[in-house]
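Number of protein chains: 2
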Amino acid sequence: MINEQYKRMLEGKSVIRQLSEFATERGKEIGYENVFDYSLGNPSVPVPGEFTEAMIKLLRTKDSMELHGYSPSLGIASVKEKIADSLNQRFGMNYTGNHIFPTTGAAGAVAHAVRCVTEPGDEVLTIAPYFPEYNMYVNMTGARLKVVPADTESFQIQFGRLEEMLTEKVAALLINTPNNPSGAVYSEDTLKKLAELLMRKQKEYGHDIFLISDEPYREIVFDGKKAPYVSRFYDNTLSCYSYSKSLSLPGERIGYVAANPACRDAELISAICGQISRGIGHNCPPSIIQLAVAEIPDVTADMSVYERNMNILYNELTALGFECVRPGGTFYIFPKALEEDAAAFCRKALAYDLVLVPSDSFGVPGFFRMAYCIDTEKVERSLEALRKFVKGY
Amino acid sequence: MINEQYKRMLEGKSVIRQLSEFATERGKEIGYENVFDYSLGNPSVPVPGEFTEAMIKLLRTKDSMELHGYSPSLGIASVKEKIADSLNQRFGMNYTGNHIFPTTGAAGAVAHAVRCVTEPGDEVLTIAPYFPEYNMYVNMTGARLKVVPADTESFQIQFGRLEEMLTEKVAALLINTPNNPSGAVYSEDTLKKLAELLMRKQKEYGHDIFLISDEPYREIVFDGKKAPYVSRFYDNTLSCYSYSKSLSLPGERIGYVAANPACRDAELISAICGQISRGIGHNCPPSIIQLAVAEIPDVTADMSVYERNMNILYNELTALGFECVRPGGTFYIFPKALEEDAAAFCRKALAYDLVLVPSDSFGVPGFFRMAYCIDTEKVERSLEALRKFVKGY
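Residue numbers (my numbering), protein chains in the order written: chain L, 1 to 393; chain Z, 1001 to 1393.
Next comes chain L alone, as it looks inside the complex:
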C-alpha cells in the first residue's frame, strides 16, 4: 500500500508551482515573451565558462576510474579542502576539509543539518518571511518548525518575539540571509544581537542551540557590499550553501554544510551527515560535479543583471506608491500588496499577464514576491503592465 503521509503531502500543491504552470500555459497562447513571469527563482544568467571548461578538462584528462569511481561517503577530501580554503580566505574562518560535507544543494544541506542537531519532538524556529520548503526539511525529521513573525518594517528580526518563542524546547534556529523572499540582508548589528541572545539562552537552558544558516544567496549582494558571514558571529553555526545561484546551475544540485570549527563536536558533524545520507540511500553528490566546483571555488556567474533589475523595479514600485523594503541582495523583491488579501491581489494581476507570488506561504500576509531573475528588457516591458494594473485599484 502506498504510504499515507506522502499521499497527503501530494495534495498540498505549491502555489509557486501552480503559478509557474499558469505562466507556461499562458505563454503558449500569447508567446512566453509576453508573460511577465516573476514566479520562479531560476537564475537567468549563463553558467560561467570556467565551470564548463573545468568539466570538460576533467572528462578529457582524468583517469576514468578516479573520476567516476566510488567517492568517499563524506565527500572527496581534495574538494573539501578547497572549499575550506576558499571560505577561510574570504571570510577569515579556520575550517579544515573535515568541517565540510558536500550535499545536493542547500536543500540537502539544510535537511541534513536539521537532522544532525535535533531529536524528534524538538522545536526548530525560523523567521518570517521564510522559504516554505523549510516545513518539509524540518517536520519530516520528527522535529517541529515554528515561525517567528516578520519585522515587516525592515525584514530584520523582531527580537522580542524571537525571545518569547526561544523556549527550552528549541534545538535550532534556521535563518536565511540574504533572504528569500524579502531580499533583506541581515546586518552585522542584527547578527551580533542574535548571537548574544542565543549564547544567553544556551547558558540559561544548559544545552546547545544551533544556528542553521541557509545562505544560497550569499554572493548576490548589491551596492558593492558583502553579506556578513553568519558563522563569524556565533560558534554553534552550521552554514548551508548551494552553488545554484552563484554559478547558475540549480539543476546540478551541489552545495555543502560547513560546521564552524568552534562548534560543539565540530569534526563529528560531517560524519553524522554521512550517517544521515546512509539512512536515505543518498550518499554524496556526483564525483564529477564535486570536483568541477572545487576547481573554481571563487568564481561566480555575472550577476550584475539582478542588481540592475532590482533598481528598475524598486524605483517603479515606490513611484507607484507601493510600500517596499529595498532589497540588499538576492533576486527577489517583496512589496506590500494593494489589498489585504495577497492571493486576491495576485489573481487580479494575472489579467495583466503579471505573475506575482502571494506572500502567505512565506509566513507573512499581505505582501507579494517578484523573482526578477529575468532579462532586463522584459522587466522594462513589464512596467507598463504594472502601471495599468495599479491604475485599476
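Keep in mind that a hint or two might mislead.
[What the hints assert, rightly or not] Below, computed lysine-lysine pairings styled on DSS-like, alpha-carbon distance capped at 30 Å:
1) Z:Lys1146 <-> L:Lys7
2) Z:Lys1378 <-> L:Lys62
3) Z:Lys1169 <-> Z:Lys1201
4) Z:Lys1007 <-> L:Lys146
5) L:Lys7 <-> Z:Lys1169
6) Z:Lys1348 <-> Z:Lys1013
7) L:Lys57 <-> Z:Lys1062
8) Z:Lys1007 <-> L:Lys201
9) L:Lys378 <-> L:Lys391
10) Z:Lys1057 <-> L:Lys57
Simulated from the structure, these hints should not be mistaken for lab results.
Please read these numbers as outputs of a predicted model, since none were measured by experiment.
Given the structure of chain L, go ahead and fit chain Z onto it with the hints provided.
Relative to the frame of chain L, chain Z by itself:
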C-alpha cells in the same frame, strides 16, 4: 546537541570499509599491486567513451540554462521516456516516462521504494545473503527488515522459510538478483514460484505486497545468458536500478525506480517518490548526469573481464577443495570458508595479503566474498597466495 541515533550508527563501522582501509595501509608498505584486495565492489573497467562524449556534447552544445537550470522534481521528461523505451524494447515491458523516477543510484532507489510502500511498523523481508546496507534503507523508514535464511546449496530461495515469515505484517519483499554477494541469478522458475506465493498471500491478507527488486548487476550475466527481468513475473514490482556497474560510474550515483505499469497506483509511485525526496531535501539527480545516461540507454562498459576473472577463480577455488556455487553474474564469488568462523578465516588470509570479506554481515555464517572487479593479471598473481593460504589449513 548531536542526534543520538546517528551517533550510535557511527559506532557500527562497516567490516568491508575496515578491510579496504587495511588494504590501503598495507599497500603503502608493500605496494598496492602486491595486496590482493578482493574487498570492494568498485568497477575496474573504464567508463564507455560514449558517456564521456555525451557529457562533452551536452556541455559544448546545449543552452546553459536548459542544461543546468532547475529540472523537474520528478525527473526530466525526455530522460524518463528514453529509459522507459529502452526497458520496453529489451524486456517487453510497457512503461511510460511516468513510471520512471530518477534517483541517486540503486541505494536511493531502494530507500525511496521502501518509503513509498511501507508504513512505520510494517515488516520488509529480504533473502540472505543480502547487502548489509538494506538494514539502513529499511529500518530508517520506521519499517523493520527481517531476513529469510539463505539456501546455501544454490543461493536461490528457501520457499518454505520464506512462506513462514511472510505474515500479514509484511508490506514488501526486497530481493537482489544477480545477487551481491553470492553472484547467483534467480532463475525463471524461482521468480515464477515467488510470484505465485506473493499473489496467494496478497489474496489471503487482502492487501498489496510489493516486490522491490534491486538490480544494479542486471547487465553483468555470464555464459551469454540474460537475467530474467523480475518485473515481468509480478505486477506489484518496483525495479531499482543503478548505472554504477553497467557504465562503471558508481561515483556519479545515477539510477531509477521503475514501477510496473500494472502495479497498484502505478503512476502515483513517481509522484510519491518526489514527495519523499522533498522531505530529505534531496530532489532529483543532477540534470547533466540524467541527460547523459539517457543519451546512451543501451550502452554498457566492456565487462568481459568479470567473466574471465570469475572462471579463473571458480576453477582454482574448486580445485583447492572449496565448496562454491558458480556465479551466474555480478563480480562476486561466495565460497564456503575452511572453518566455521568466517571472520577468523578472513583474518588469517590477511597474512597472505589476501583481503577477503567474511559473510556474517551478509546474513550467512561461514562463507566469504571475493569482489573480483580487479585486473585479471592480479587475479592470476593472487592464486599462488591462495594456494599457500589453503595449505596452512
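- Query: Taking 30 Å as the top limit, are the C-alpha atoms of L:Lys57 and Z:Lys1062 close enough?
  - Reply: holds (17 Å)
- Task: Below or equal to 30 Å on CA atoms is what counts here, so check Z:Lys1007 against L:Lys146.
- Result: holds (26 Å)
- Starting from Z:Lys1348, check that the Cα of Z:Lys1013 is at most 30 Å away, please. Between Z:Lys1348 and Z:Lys1013 the Cα gap is close to 20 Å, so the pair holds against 30 Å.
- Satisfaction of hint between L:Lys7 and Z:Lys1146, Cα-Cα up to 30 Å: Answer holds: Z:Lys1146 to L:Lys7 is near 26 Å, not above 30 Å.
- Item | Restraint check for Z:Lys1007 with L:Lys201, where alpha carbons must lie at most 30 Å apart | Holds, at roughly 25 Å.
- Query: Z:Lys1057 and L:Lys57: Cα distance at most 30 Å?
  - Reply: holds (13 Å)
- Query: Regarding the pair L:Lys7 and Z:Lys1169, is the alpha-carbon distance no greater than 30 Å?
  - Reply: holds (21 Å)
- Would the pair Z:Lys1378 and L:Lys62 pass a check requiring their Cα atoms to be no farther apart than 30 Å? Holds. Z:Lys1378 to L:Lys62 sits at ~23 Å (cutoff 30 Å).
- Message: Holds or violated: Z:Lys1169 and Z:Lys1201, Cα atoms, limit 30 Å.
- Response: Given pair Z:Lys1169, Z:Lys1201 holds - Cα atoms ~11 Å apart, limit 30 Å.
- Message: For L:Lys378 and L:Lys391, compute the direct alpha-carbon distance and say whether it is at most 30 Å.
- Response: holds (20 Å)
Violated hints: none; the structure is consistent with every hint.
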